[in-house]
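Once you have looked at the hints, place chain F on chain H.
Residue strings, one per chain:
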Amino acid sequence: MSHWVVMPIVVPALLAALMVLTMRHHPALQRTFSVGGIIAVLFIAIGLNVSAGTGAIHVYELGDWPAPFGIVLVVDRLSALMVLLTTLLALAVALYVIGTGWDRRGRHFHALLQFQIMGIIGAFLTGDAFNLFVFFEVLLIASYGLIIHSGGTARLRAGVQYVVYNLLGSTLFLFALGTLYAVTGTLNMADLAERIAALPAEETALVRVGATLLLLVFAVKAAILPLHFWLPGSYANAPAPVAALFAIMTKVGAYAIIRIYSLVFPPSLVATQGLFDIWLMPAALLTLTVGMIGVLGSVRLERLVAFAVVGSMGTLLVAVATLTEQATAAALYYIVHSTFASAALFLILDLTVERRPEGGRIAVAPPIAQNGLIAGLFFAAAIALAGMPPLSGFLGKLLVLDAARAAERTWLIWTVILATSLLAIVGFARAGSTLYWKSAAVMPAAGAAVADPPPAVRPAALPFVSVGGIMTLLVAATVFAGPLTDYFAAIAAQIYTPANYIEAVLGARAS
Amino acid sequence: MELLVASAIGALTAAGVYLVLRQRTFPVILGVSLLSYAVNVFLFATGRLVVNRPPILSDDAAGYTDPLPQALVLTAIVISFGMTAVVVMIALGAYLSGDDDHVDTRPGADT
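Chains as they are written, first to last, in our numbering: chain H, 1 to 511; chain F, 512 to 622.
For reference, chain H alone in the conformation it holds in the complex (with noise of 0.2 Å):
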């Protein structure tokens, strides 16, 4: 059995630990063994996913107990996709920070990012409920930590929310496992889905009680309405890059959902119908429509670009809660978009802070500098959060709207979906503007009243390497559209046969 299975949880732990123990007076080390680590662990990861892209699941037992008893990690399409994700996000994250300083503003930010990178790895790659449950709580108390860096009293109430949030939704994630350990007897994933189908319908009261307790848990970590109060005022009020890195946090809500509803309680099964047509989708829709109105009246740029990402939320679960091979597809192809283009625009937004006296309200000023070079970037990532052409966010639309024909009432996810590009495209066209074009207005007065403007400070390069490393990938998602989509359009089918996970975690006991 290949080890490798286990290493993208492992290398950050042990990096983690060591930078707390031995480096915590010395940022150099940190920064580059926190690089190194992530660099390594991205190797690791393109490994698995060749290695999964042939179609194999990797199992691997923790402490080799045998499949039912022990934690199994697993590794497949998804997860391989989705471990992928998150190393490249973390490693542009992480050259930001370090490009511009914000590492320095407060101590552990490396040690507490390598818990987040575990945390958020384990999550996409366990097998076991109570074991997504460990890692949720691993990957939230590193976000406690890192929502709150550099501390404020605004950054510091903004986290007490946050936290009583999560410790609310991870006491309704105990209680529903309990609910479904108290039904079937098991926790592991594969076991759950057998012993669920073989319920007989009169028992299976209880297991619909628990996929609603669970919807609902992971609907708060993707902040679906009405469950998505802690995020505006969390993103908002966190570091921006810390804001950039939780753009896949959100994701993990969505994988879960994807996860847990295809395996465990798949579309067919009776016990659960209805969870996602009469109830997810509404409110995808709901969450979809209020962060669009929310990016149009936000009075500062931090909110604006939460509502963003709350807003990016809301087509992404269109896509899930459709609930066939070819919307998931569709999904994942938003998912790999939404998470790179919303992380780009909370660092353009940490470019255009740091530069402003006026931090980010949206109101005109003297050009900052870089001007032109930011507002061309911010210009870029708002096309592609806001969808329209030539960027993916289209591309993604494109084929969340296509997969929406397969849904009921297919009219009006298409109107909301419109309408709502439209509220976006007009509210970052506003913010835009305001920021970064009619600034030019007032230079020359500004220029006047200062007879000596200040010699120009040559700025880092490496912020901008890392948010081009984003956009690029942003491109390459685009020309490399057509691979991609046939490529998902396996993982899909691969989710949406769940007996191969069954038979690869429970092995020769399953025949």
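Be aware that one or more of the hints could be misleading.
[To be verified] Partial list, computed: chain H residues near chain F (C-beta under 10 Å):
1) L18
2) L168
3) G185
If you are wondering where the hints come from, they were derived from the structure by calculation, not from laboratory data.
Note that the Cβ used here is the ideal one computed from N, Cα and C, for glycine as well.
Chain F in isolation, oriented as in the chain H frame:
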């Protein structure tokens, strides 16, 4: 016994939810703690309530209690304990730096 345990979980949950909906951080944290106690007892009961039986399989025992929920509860207790400590520290930091322990952001605050 089932009725007693069930009503205990219910009472803890009700009190927890009530306290979580308060405006200041101290009652909210107490509420979260009460909820985590409720869920711990609930998890413990998911293996069915059994008295005076060993938690391991053995041939001469008449019956046994499910050991897995006990392990799950242990994990949940450790995690909720750590999380409570974290939220207390962050809430204290927010209170000391903002001189205000309301959970929500007050009107007029600049965020």
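For each hint, the structure was consulted:
1. L18: For L18 of chain H, the interface hint is violated, since the closest Cβ of chain F sits about 21 Å away, which is over 10 Å.
2. L168: OK, holds: L168 of chain H within 10 Å of chain F, min 7 Å.
3. G185: holds (8 Å)
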